[in-house]
Amino acid sequence: MSSEQTIELTLPINAAYISAARLTSSSIANRLGFGIEEIEDIKTAVSEACTFIIEKLSDSSKSPFKLKFKPNKNCVSIIFEVDANINFEFVNNETSILMIKALMDEMKVDSKNNGFVMSITKNHKVISFD
Amino acid sequence: MELIIDSKFDAQNNNWQIEINGEVDLFNSAEMKAKLLSLLDEKPADLIINCANLDYIDSTALGALVAVLKNAKEYGCDIYLKNIKHNIEKLFKITNLDKVFNIEGDENEQ
Chain A
1 MSSEQTIELT LPINAAYISA ARLTSSSIAN RLGFGIEEIE DIKTAVSEAC
51 TFIIEKLSDS SKSPFKLKFK PNKNCVSIIF EVDANINFEF VNNETSILMI
101 KALMDEMKVD SKNNGFVMSI TKNHKVISFD
Chain B
131 MELIIDSKFD AQNNNWQIEI NGEVDLFNSA EMKAKLLSLL DEKPADLIIN
181 CANLDYIDST ALGALVAVLK NAKEYGCDIY LKNIKHNIEK LFKITNLDKV
231 FNIEGDENEQ
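As they're listed, the protein sequences go chains A and B. Here the working numbering is used: position 20 in the first sequence is 20, and no number is missing along the way. Here the working numbering is used: position 68 in the second sequence is 198, and no number is missing along the way.
Quick caveat, the hints were computed from the structure, so don't treat them as lab data. Be careful, since some hints might not be right.
Pairs of lysine-lysine residues, derived as BS3-like cross-links and limited to a Cα-Cα distance of at most 27 Å, are as follows [to be verified]: (1) A:Lys-56 to B:Lys-200; (2) B:Lys-173 to B:Lys-220; (3) A:Lys-56 to B:Lys-163; (4) A:Lys-70 to B:Lys-163.
Start from the sequences, fold in the hints, and give me the full structure.
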């Protein structure tokens, strides 16, 4: 699958649809050739990112947020675009964030106009024959 | 997936035999917590939870289980998680909760 084939999903700030993000991420990760354990890691990390966003914004924002699945040669990145702000200063010890960091190879957050972008990346396992 | 929780009291062994089926996340973790707390209120006893058909739990479900465990300990009781799938056991290990709960893995799982 080429890197131009980005898949987008828009979700409301509603916990009822987190399972839709899990199903979508599992399906895409499977399509990209990830192993069973990696698929579970990606599914869990996507679910936790959605949980984090919905928990933080359920009282303050009604704007839906976007998930973009970007496949690359050796990895997949999932980008969460949120049109509302969260104070990230004290979130590093939150369980959702700890789980995402443990399960994925990279996580970063950048602010944008009136919101933020969270990006999480999982690399394909490299099998060494050394 | 719908969350289904079946429970019955085992009078012979003085514990609750519970089956949690489906997925537990932010949408229904409060429902699971309320159900388990209601069992402890009805009859304080160990909770033996069969997780063979539990497919997924998230951080809010882990938090709910910790809250139930705290309540159980106040009654002098404990929680036992049986037949837990590998993907779920991994989350307990990541969060160090494997040291807090009594966990038995799924013997049938490869």
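Hint-by-hint comparison with the structure:
Between Lys-56 of chain A and Lys-200 of chain B, the direct Cα distance comes to roughly 25 Å. Compliance with the 27 Å bound is thereby established for this hinted pair. Of the supplied pair hints, the one linking Lys-173 of chain B and Lys-220 of chain B is violated, its CA atoms being roughly 31 Å apart against a limit of 27 Å. As the CA atoms of Lys-56 of chain A and Lys-163 of chain B are separated by approximately 21 Å, the hinted pair is consistent with the 27 Å bound. Distance hint between Lys-70 of chain A and Lys-163 of chain B is unfulfilled; the C-alpha atoms sit about 36 Å from each other, more than 27 Å.
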